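A.B. asks: Spelled out from the first residue to the last, the chains are:
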Amino acid sequence: TQLLEQSPQFLSIQEGENLTVYCNSSSVFSSLQWYRQEPGEGPVLLVTVVTGGEVKKLKRLTFQFGDARKDSSLHITAAQPGDTGLYLCAGVGAGGTSYGKLTFGQGTILTVHP
Amino acid sequence: EPEVTQTPSHQVTQMGQEVILRCVPISNHLYFYWYRQILGQKVEFLVSFYNNEISEKSEIFDDQFSVERPDGSNFTLKIRSTKLEDSAMYFCASTLTAGNTEAFFGQGTRLTVV
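Chains as they are written, first to last, in the numbering used here: chain R, 622 to 735; chain C, 93 to 206.
Treat the hints loosely; a few may be bogus.
[Claimed, not checked] Derived pair list, reagent style DMTMM-like, types lysine to aspartate or glutamate, alpha-carbon separation capped at 25 Å:
#, chain 1, residue 1, chain 2, residue 2
1, C, Lys-134, R, Glu-662
2, R, Lys-678, C, Glu-194
3, R, Lys-680, R, Asp-692
Don't read these hints as lab results, they were simulated from the structure. The structure displayed is predicted, hence computed values, not measured ones.
So here's chain C without its partners, still in its complex pose (with noise of 0.2 Å):
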């Protein structure tokens, strides 16, 4: 069965440094999404992206985060300064369609900020 795959499954970053977190979503789809799950809080929406552009963001997307597809398979999100608070584990999913699809998502990256 196709499926998302995420890594690195932990990364373990200092304050202000910069992290990479990678996604391959599935083959065929067309949509990419990341969420982040801080620890014991809903699962919150960050950006969404689809034909080599942000369709839309959150709040808490702010100029630290950027998001890429450098090539055919791989979707990236880079964190430019990590803070403390933005330790949680970042999912990605990737949907054929936008709409009332089914979502999948990947097993996730947990992020720890020192």
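Isolated chain R (complex conformation) (with noise of 0.2 Å):
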């Protein structure tokens, strides 16, 4: 059975600090997705990262996927209000029936303070 664990499970932060979450797997996934989901909806892609090593930018967001394809992380600078929810990480099945199939971490709520 394939796990992600992610961390924090919380975070209440300052606007304007950094922060960073973790996303760790003993296992090997064809590539790594973060989402974000709101309070009643479900989750909305943010990013896909598939090259070990490979590093992603989305406005303050900085996503990078690690060398061996098993850890990523998402980093935040300058943390705003409207940054403010549930983060999660997700690992794509790597061949066969598990193709697609997404691999959720526990996620990670985010707080933002003004």
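If you follow the hints, you should be able to join the two separate chains into one complex; please do so.
C.D. replies: In structure tokens form, the structure reads like this:
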């Protein structure tokens, strides 16, 4: 069974601070995705990282995929109250019948105080 | 923008009753999934469906669960005899292809078994 450990589970910071969320696995995934989920809605994709060592930027968000494709991080620079929400990492199945199946981490609830 | 729609948004049912959760995936997508999220826990994979058959199912997806694509547009999840522990948010998702592609999630159905 593939598992993703996401940390921290809760993060409460002040506006303007930086933060990093981690996602670690003992398994290799074909890619790793980061989602954001608002209350009462389904997850919405932020980014997909595919290649070991890959770094992708989305405005103030920086996503990194580990060289061994087992871990990833999300770094937010100068957090804003609008960044408040639930962030989920998800590993994409590597092959066979698992192709496309998402394995989610526990999620990180981020609260950014004005 | 195309979206995945789920109905109903909230269903309350008595233990032992059958429920059918409905989803309309994005029209040109080929792969369909059901996930569930028990309150306070991670999003969990239930089943994937492609070419009118189940590709993979998790341990949660036992004989009480079934999926169907009765026509060209709907994708349903049936729970034959609901248990209290089936109470959760159920999310439908679809992808154009399998693999490193964006999964589009519906807004979810909150199932409450009493």
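A.B. asks: With reference to the structure, classify each hint as holding or not holding.
C.D. replies: Cross-check of the supplied hints:
no. : hint                  : verdict
1   : C:Lys-134 x R:Glu-662 : holds (14 Å)
2   : R:Lys-678 x C:Glu-194 : holds (17 Å)
3   : R:Lys-680 x R:Asp-692 : holds (22 Å)
The structure meets every hint from the earlier list without exception.
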